[in-house]
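Protein chains in written order, with the numbering used here: chain A, 1 to 235; chain B, 1 to 235.
Treat the hints as calculated values from the structure; they're not laboratory data.
Possibly wrong hints are sitting among the right ones.
Same chains, same names: a pair is fine if it fits in one copy or spans any two.
[As the list claims (entries may be wrong)] Below are the EDC-like pairs computed for lysine to aspartate or glutamate, each with C-alpha atoms no more than 20 Å apart in a straight line:
(1) Lys228 x Asp190
(2) Lys221 x Asp190
(3) Lys169 x Glu219
(4) Lys120 x Glu89
(5) Lys160 x Glu144
(6) Lys228 x Glu192
(7) Lys221 x Glu181
(8) Lys92 x Glu104
(9) Lys220 x Glu189
(10) Lys173 x Glu219
(11) Lys221 x Glu189
(12) Lys92 x Asp146
(13) Lys169 x Asp218
(14) Lys142 x Glu90
(15) Lys220 x Glu192
There are 2 protein chains.
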Amino acid sequence: MSVGTKKAPQIKTMGEASKVRKNIEISEKGKQRKKEIIEATIEVIVHSGVQGVTHRAVALEAGVQLRLTTYYFKDKEDLINEAFIYFAEEGKFLMAGFLELAYEHLENLSGLEKNNLTSKNRKKIYEAFSALASDFLIHNLKHERDHIAVQQAFLNEAIKNPLVRELHKSHRKRLINNVSELCKFANKEDAEINAEIFVNAFEKMEHEGVCTPVKNIDEKKYQAMVHKLVWWMIM
Amino acid sequence: MSVGTKKAPQIKTMGEASKVRKNIEISEKGKQRKKEIIEATIEVIVHSGVQGVTHRAVALEAGVQLRLTTYYFKDKEDLINEAFIYFAEEGKFLMAGFLELAYEHLENLSGLEKNNLTSKNRKKIYEAFSALASDFLIHNLKHERDHIAVQQAFLNEAIKNPLVRELHKSHRKRLINNVSELCKFANKEDAEINAEIFVNAFEKMEHEGVCTPVKNIDEKKYQAMVHKLVWWMIM
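Could you put the whole structure together from the sequences, leaning on the hints where they help?
In structure tokens:
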């Protein structure tokens, strides 16, 4: 039971205060345990796919007793959905780093007029975005392979699982909106379509790239593809 | 055991001829059974993912006894690999229909000079290819949903399964080469990169689209994305 979801209690005596503190401590420990179980669920998805998620497999992966996972998560679906939400938050975090850099670059382009770009400034935006996006792709292909594998597993799951489908849709909509906001600096009109094409191509490059061992990844090819895509979108 | 893989026997008497004919009949029946078992394996993959493939699940799906699936396929890996090969052949068949139409369109463009396109002919190629490709995408999203789901499942499997990975790579290489040959009619130089971007974006549109029930598919949006991609590649 979480203290946070209840009305804050009015503390009157020292004894009561200590009782409340104890509840809060239990709750913090509970949150930590829930997090560990969710992370174990994601590990199971990396190794055995969403199909592999069972309370037993998750408890084994987390190194906790079965009764603990069933205490925090009523069923398998609950585990999968919470894992997706956690994963989507991680994705937002990854994307936030990329967006922060992109906006920083835009701020540094002196004399940039959003609605009336000179071809020189348009080229500057292309150069900054294509470099950032290809670095981001290659970074992910080297260091976020599990994240990409889980993304694929959830996409697969979204075909049959209506709850995961809704979570996936809203996660993806936010992602496309973020990219679309960036695209608007170059082209107002088709920003949404450009952003969706970009996200599709980019994510599929990740999904294909993760099938290749890191040492065999053809960085030059990925760079060429990303640069070309950004060129098309911006120039 | 297949007769086809052995040296053709020299038939000397009618009795021997009838024995050979019987062997051939058994082999034809065997081939048919193998095909049914492989199709059942693909059905299992559609419903339960590659993780769901077991001899038991496949025998149940095919409506045959367990000993039959273990007679034709020595283990689970054998089932998965044969299913992928069968699936890739189906994909080639789908793609062949598309390519045939594309080349037919090209032949009908009178006065087309491959190495010196007029802007009018370039536009004609864009119009023909974008219409064909978006029709193909929407057809697949409506009528080839199982095929798309299996494609995704195999892509997932390729991350961890080296044999599926190699099969996937050679299947994909052939696909990109086919598209690249088409791209060369417009741009010789970047045909391979253009083709790979196109295949990435196209397949990811299929993978996202298949998460949406047929009645909710936004055909106009998919058309706009495909037209834009082909425009970028050709114009």
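Can you give the numbers of the hints that this structure goes against, from lowest to highest?
-> 4
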